[in-house]
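Protein chains in written order, with our numbering: chain A, 1 to 521; chain B, 522 to 631.
Since the hints were made in silico from the structure, they are not lab data. Treat the hints with caution; some may be incorrect.
[Claimed, not checked] Which bits of chain A does chain B cover? Going by a derived footprint, with three or more residues having C-beta under 8 Å, they are:
hint: 1; segment: 177-189
hint: 2; segment: 216-222
hint: 3; segment: 296-306
hint: 4; segment: 487-494
[What the hints assert, rightly or not] Here's a subset of chain A near chain B, in silico, CB distances under 7 Å, partners left out:
hint: 5; residue: M227
hint: 6; residue: M238
hint: 7; residue: M240
hint: 8; residue: T284
hint: 9; residue: G379
hint: 10; residue: T380
hint: 11; residue: L383
hint: 12; residue: P411
hint: 13; residue: P412
hint: 14; residue: A454
hint: 15; residue: P459
Here a beta-carbon is modelled for each residue, glycine too, at the ideal position from N, C-alpha and C.
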Amino acid sequence: MHTLVAHSAILIIAIPLLAAFLTPLISRVSKKARDILVIATLVFVEFLVIILAKDIYLNGIHIYTLGASSPSLTIPEHYMVPVRIILEVDAMSIFMGIISATVSLAATIYSISFMKEETGGDRFYTLLLLLVVGMLGLEFTGDMFNMFVFLEILSISGAALAAFRTRFADALEGGFKYIVISAVGALVILFAIGIFYSQYNLLNIAALAQAMQYTMLDKIALALLAMAFTMKLAGVPMHMWAPDTYSVAPAGTTPMIYIASQACLYGLFRTCFTLYGVTLNTATIGWIVIIIGVLSMFVGVTMAVHQSDVKRLMAYHAISQSGYMLLGVGVGLAVLGNPEALASYGREAMSGGIFHIINNALYKGLLFLTAEALFFRLGTRDLNKMGGMCRNMKYTSIFFIIGALAISGIPPFNGFTSKLMIYESVYRFNPILSVIAMLVSIITLASFTKAFQAAFTGPALPQYKDVKEVPKPMLIGMGILTIIIIFFSLFPGLIVNSIVNPATDALINQATYINAVMGGL
Amino acid sequence: MASLAFWNPIACIIAFVVLVAIIYLFRSRGQKKYKKGTAQTQIFLSGEKPPDAEQRHIRAHNIYWGFFQALKQYYDPTIKAHTGIINDYIIWFITLVAVTAVILFIVWLT
Numbered sequence: 001m002h003t004l005v006a007h008s009a010i011l012i013i014a015i016p017l018l019a020a021f022l023t024p025l026i027s028r029v030s031k032k033a034r035d036i037l038v039i040a041t042l043v044f045v046e047f048l049v050i051i052l053a054k055d056i057y058l059n060g061i062h063i064y065t066l067g068a069s070s071p072s073l074t075i076p077e078h079y080m081v082p083v084r085i086i087l088e089v090d091a092m093s094i095f096m097g098i099i100s101a102t103v104s105l106a107a108t109i110y111s112i113s114f115m116k117e118e119t120g121g122d123r124f125y126t127l128l129l130l131l132v133v134g135m136l137g138l139e140f141t142g143d144m145f146n147m148f149v150f151l152e153i154l155s156i157s158g159a160a161l162a163a164f165r166t167r168f169a170d171a172l173e174g175g176f177k178y179i180v181i182s183a184v185g186a187l188v189i190l191f192a193i194g195i196f197y198s199q200y201n202l203l204n205i206a207a208l209a210q211a212m213q214y215t216m217l218d219k220i221a222l223a224l225l226a227m228a229f230t231m232k233l234a235g236v237p238m239h240m241w242a243p244d245t246y247s248v249a250p251a252g253t254t255p256m257i258y259i260a261s262q263a264c265l266y267g268l269f270r271t272c273f274t275l276y277g278v279t280l281n282t283a284t285i286g287w288i289v290i291i292i293g294v295l296s297m298f299v300g301v302t303m304a305v306h307q308s309d310v311k312r313l314m315a316y317h318a319i320s321q322s323g324y325m326l327l328g329v330g331v332g333l334a335v336l337g338n339p340e341a342l343a344s345y346g347r348e349a350m351s352g353g354i355f356h357i358i359n360n361a362l363y364k365g366l367l368f369l370t371a372e373a374l375f376f377r378l379g380t381r382d383l384n385k386m387g388g389m390c391r392n393m394k395y396t397s398i399f400f401i402i403g404a405l406a407i408s409g410i411p412p413f414n415g416f417t418s419k420l421m422i423y424e425s426v427y428r429f430n431p432i433l434s435v436i437a438m439l440v441s442i443i444t445l446a447s448f449t450k451a452f453q454a455a456f457t458g459p460a461l462p463q464y465k466d467v468k469e470v471p472k473p474m475l476i477g478m479g480i481l482t483i484i485i486i487f488f489s490l491f492p493g494l495i496v497n498s499i500v501n502p503a504t505d506a507l508i509n510q511a512t513y514i515n516a517v518m519g520g521l
Numbered sequence: 522m523a524s525l526a527f528w529n530p531i532a533c534i535i536a537f538v539v540l541v542a543i544i545y546l547f548r549s550r551g552q553k554k555y556k557k558g559t560a561q562t563q564i565f566l567s568g569e570k571p572p573d574a575e576q577r578h579i580r581a582h583n584i585y586w587g588f589f590q591a592l593k594q595y596y597d598p599t600i601k602a603h604t605g606i607i608n609d610y611i612i613w614f615i616t617l618v619a620v621t622a623v624i625l626f627i628v629w630l631t
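Here chain A stands alone, though its shape is the one from the complex (with noise of 0.2 Å):
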């Protein structure tokens, strides 16, 4: 058990990636070998994640260089600055792991039975899996080089599998807008990296972040980063792309790209707090974070309630709740420099915000497979033309009133819990930006409560009087996410205290992430 914790960083991204170049071979011996194999697969990587978390709360942050004799040799002998590849995982990094990890299990669960109805399923799988490898790399990664190269294999993969269902004009349509946004944004973060290398000669985060002179340059790279980073988690007004690649993507690849986007909030949070950290002026970059934020909250919001399409309105609901961690963590963010507000309400704003992003996980990651699964039943997505589903789709009806209350913040429900973090800290710094979130989360319900009426309630129409419940695995696909979902709403304090706060104090601390690597040079 020693060995495979000291090797699970690198195994967490190595057995996916092989996994993913085995299944179109398995797949032709057999497809439920196939399924069996990108099942036990992402169970595997589930348990590593979970073992690697065991030890990074008891014994801190996690090093693995490729490469060197010891795992954690960071420098080589004769050398200053550490050269090799470097994955550095700590709480932050391993927290969005286990979202990762979490919603890819379940979203390929309930992915299986859709794809019996569909060709392509071991390229399917590859895709998948390279998009598990992409946001698993891109959040244990400590170099800004492979950060880059994993945002790559996660755009790419992203976008072939947004136009999976290439039968439908849209689909290649959301999944081309996917790859270009997702180009422009590498591009510009790989610009954002010359710039660092031209200066500092450098890619290890934790070295660039001790050699950091903020001088102008590092500006105009911050500038760069923040906004492909932001672009890519569709942060208002560079959201527009979102609706029209979650609406089109396929089964349970929806919730998967939008975790993915939730690894690029990752990356602005470790640019902003661990790369820049206190050398910036974070009160500046915090008031843009939080900006952007009550602008994704707002526009998301009054734009979701005014979908008829059901998945355009879950996805224009999924950069509203982008905007709550932005404001969250841009509280955190511009009150770093300042020890009192921090200890004050910043750090209680930031586990707020962090706790909405597990939360949000969860719940929109579970209403987008119930849309989805409305979309499997009835062959539409149109909320116009639906009616009376609770009647034929009870366990997905359940799943959805679940889903809806929890993201509404009702409580008991966990995003009331989260919701209620961010308005109490929030209000201390700014009383407007929590009226203005308050305010959102009632349009919020509004918007649900339209979509159930619409989709779930009133008389049974006769053109859906022979639709059933879906099929088994993807009620099992469901059901996880809501238990976990009520697991997180009956224990918050134990979630927040055991795996949120020592995400936000990872963030906060830059040394400590610093020394891990260059061990106090």
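Fit chain B to the given chain A structure using the hints.
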């Protein structure tokens, strides 16, 4: 998690269960002697024949119509800005990068 000290989801669940039990108690005391499939269980609309199920169902586009009308001045330009054209998406991105860089530069000067 000091701020959540007053928040207890278990108490909320217990309150919900008690509420459901009270509702069930009221419901169980209701009329049980009605006959299914007769006029007693049909929709009554002042003696008129009720419309078909499709016409009875309130569709999504009818919900919150008044809200959208009241906020027309907000919705018209906001929807118009969502062109669906990828060129526009990239223009927004370039604009935001430029604005952020300028803000950081101005703050650095002051």
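Status of each hint after checking the structure:
1. 177-189: Holds: 6 residues of the segment 177-189 of chain A have a Cβ under 8 Å from chain B.
2. 216-222: Coverage by chain B holds here, the residue count being 4 at a Cβ distance below 8 Å.
3. 296-306: That given contact holds, which follows from 5 residues of the segment 296-306 of chain A lying within Cβ reach (below 8 Å) of chain B.
4. 487-494: holds (count 5)
5. M227: Check passed: Cβ of M227(A) comes within 5 Å of chain B, closer than 7 Å.
6. M238: Given a least distance of 5 Å, the restraint on M238(A) holds.
7. M240: Hint on M240(A): holds, closest Cβ of chain B at ~5 Å, below 7 Å.
8. T284: holds, 5 Å
9. G379: violated, 17 Å
10. T380: violated, 12 Å
11. L383: holds, 4 Å
12. P411: holds, 5 Å
13. P412: holds, 4 Å
14. A454: holds, 4 Å
15. P459: holds, 4 Å
In terms of the numbered hints stated before, the structure departs from hints 9 and 10, listed from lowest to highest.
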